[in-house]
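Asker: Given next are the chains, with one letter for each unit.
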Amino acid sequence: MSTETRAEVDDHDLVARFRLDAEEFTAVYDRYFREVYLYAAGRLDVQDGEDIAAETFCLAFRDRGRFDPARGGLRPWLFGIATNLIARHRRKEARHYRALARTGAEPPADSHEARVVESLAARRMAPRLAGALAALNRGERDVVTLVYLAELTHQEVADALGVSYGTVGSRLNRARKKIHQVMAKEDDHG
Amino acid sequence: MDDLREIRTLLAKPEPSPEVVARRRQQLRAGMGGRLPRRRARWLLVPVAAAAVAAAAVIAVGRPGGPPPAVTTARDVLLVAATTAERTPEGSGTYWHITVTVGSRPPSEYWYRRDGQFWIKGKGLKGNGKLFRFTTKPQPFNVGPLRMSFDELRGLPADEDALYTRLRSAVAGSGIRTSAGAPSEKELDGFAVETLISLVSEAPVTPQVRAAAYRALAARPGVTDLGESGGGRRLRVPLSGGDREVVVDPDTARVRDTPVWVPLTGGVGFTDGEGVTIDAEWTDELPAE
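Sequences listed follow chains A and B, in order.
Take numbering that gives the first Met the number 0: the final residue in the first sequence is number 189, and no numbers are missing along the way.
Take numbering that gives the first Met the number 0: the final residue in the second sequence is number 288, and no numbers are missing along the way.
I should point out that these hints are in silico values taken from the structure, not numbers from a laboratory.
Quick caveat, the model's predicted, so the values are computed rather than measured.
Be aware that one or more of the hints could be misleading.
Okay, the calculated beta carbon distance ranges per label pair [claimed, not checked]: (1) B/E273 / A/R87: 33 to 43 Å; (2) B/W281 / A/R90: 57 to 67 Å; (3) B/T98 / A/G165: 54 to 64 Å; (4) A/D20 / B/E288: 18 to 28 Å; (5) A/A15 / B/E273: 43 to 53 Å.
All C-beta atoms in this analysis are idealised placements derived from N, C-alpha and C, irrespective of residue type, glycine included.
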């Protein structure tokens, strides 16, 4: 619950602290749980998202000795773990996107979600975009959701997935092309 | 235009609730327990299964061949504690100063201001023995699974039935989830009992509300007396995760040398060895940083 330090202590310091004192690892949770939760819940649903986010931090704690700052920051490391966990639910994720394609954005679960459907344009486009996400392969979907849902930088995505910076760009281009194709096709059919 | 940006809107989900964040944090800490040095491990929450085994072992040991147990019921113990609580003057001050002592080790101390900001001091805590300002933002107090402001805590009813009704319905309306999904009625009862234990463990409530919490506990089914201990009377209480042992000292109306308590920092506290004693008082003094 070290809420006040969240902004001030940078990752470097967090790592130094939990290396000295394992109990300090909860500060990593305090800083990143929310982000990882929203990422996993966005790709699956809130229930699986919650489970995956929680498991991410348990695994990260277990493997904290293997964390190497030279290979990227805490953020990509955690998102990499979460992304691997999400991969186990590939079918469910595709079902989720297809369901969104049928219904558009999900019905607001509570007031927080009122902002979800912001513009009419987005509302019209949402079902087709969701349908297109279902058409991506795993690698493309990982890159697209890490960049656009989790808002990681290309370098962070490369670190998270253990691929080169160039690969992130090429996967993203491929995904964009596919998405536009799928969406255009739907336009033709009406 | 980069229309893929709409993905964020399309897949947006509500923020995780504070209950989810607290519960999953507790889960992480529980998982950390086994791997940490013993000095710390005692402090951490043990997994529910292990705690259940420990509690079962305590209950099963009993006193074969010993003197017959005195005819004391949990109800008697708790009603005496209620009377003591009511008669103990509250004092006054700026900080609610809680001292948590495990066995004979140096205590951990907490100073809470009414707006929920707090300072901690103790070996093995943040700040490593020096005063550490934990939060600089006003925030509610954790009362078992509930989060309440100081004013809400002070506004709790001093009548035990009204108090229990208020807490039980707050628990039911709080949207808590357990790992198995929505909690059962029995688990909700257990969470409500946790809020009562919180009020007698650490929470800055009036003597009247503390007394009402003891009386409400006395009225709960399933609270039973397990006999004398060094700190007071061992009571078995039904919490959300199953029956647990809490030691109450009727002479001071405090939990004393207890294996289980409900701290203001959230969750349920367990120890696996020496018991925990809690003292709390108002003070105007904050130690030097």
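Asker: Indicate, hint by hint, whether the structure satisfies it.
Answerer: Here is what the structure says about each hint:
| no. | hint | in the structure |
| --- | --- | --- |
| 1 | B/E273 / A/R87: 33 to 43 Å | 42 Å, holds |
| 2 | B/W281 / A/R90: 57 to 67 Å | 58 Å, holds |
| 3 | B/T98 / A/G165: 54 to 64 Å | 59 Å, holds |
| 4 | A/D20 / B/E288: 18 to 28 Å | 20 Å, holds |
| 5 | A/A15 / B/E273: 43 to 53 Å | 32 Å, violated |
Going down the numbered hints, you'll see the structure goes against just number 5.
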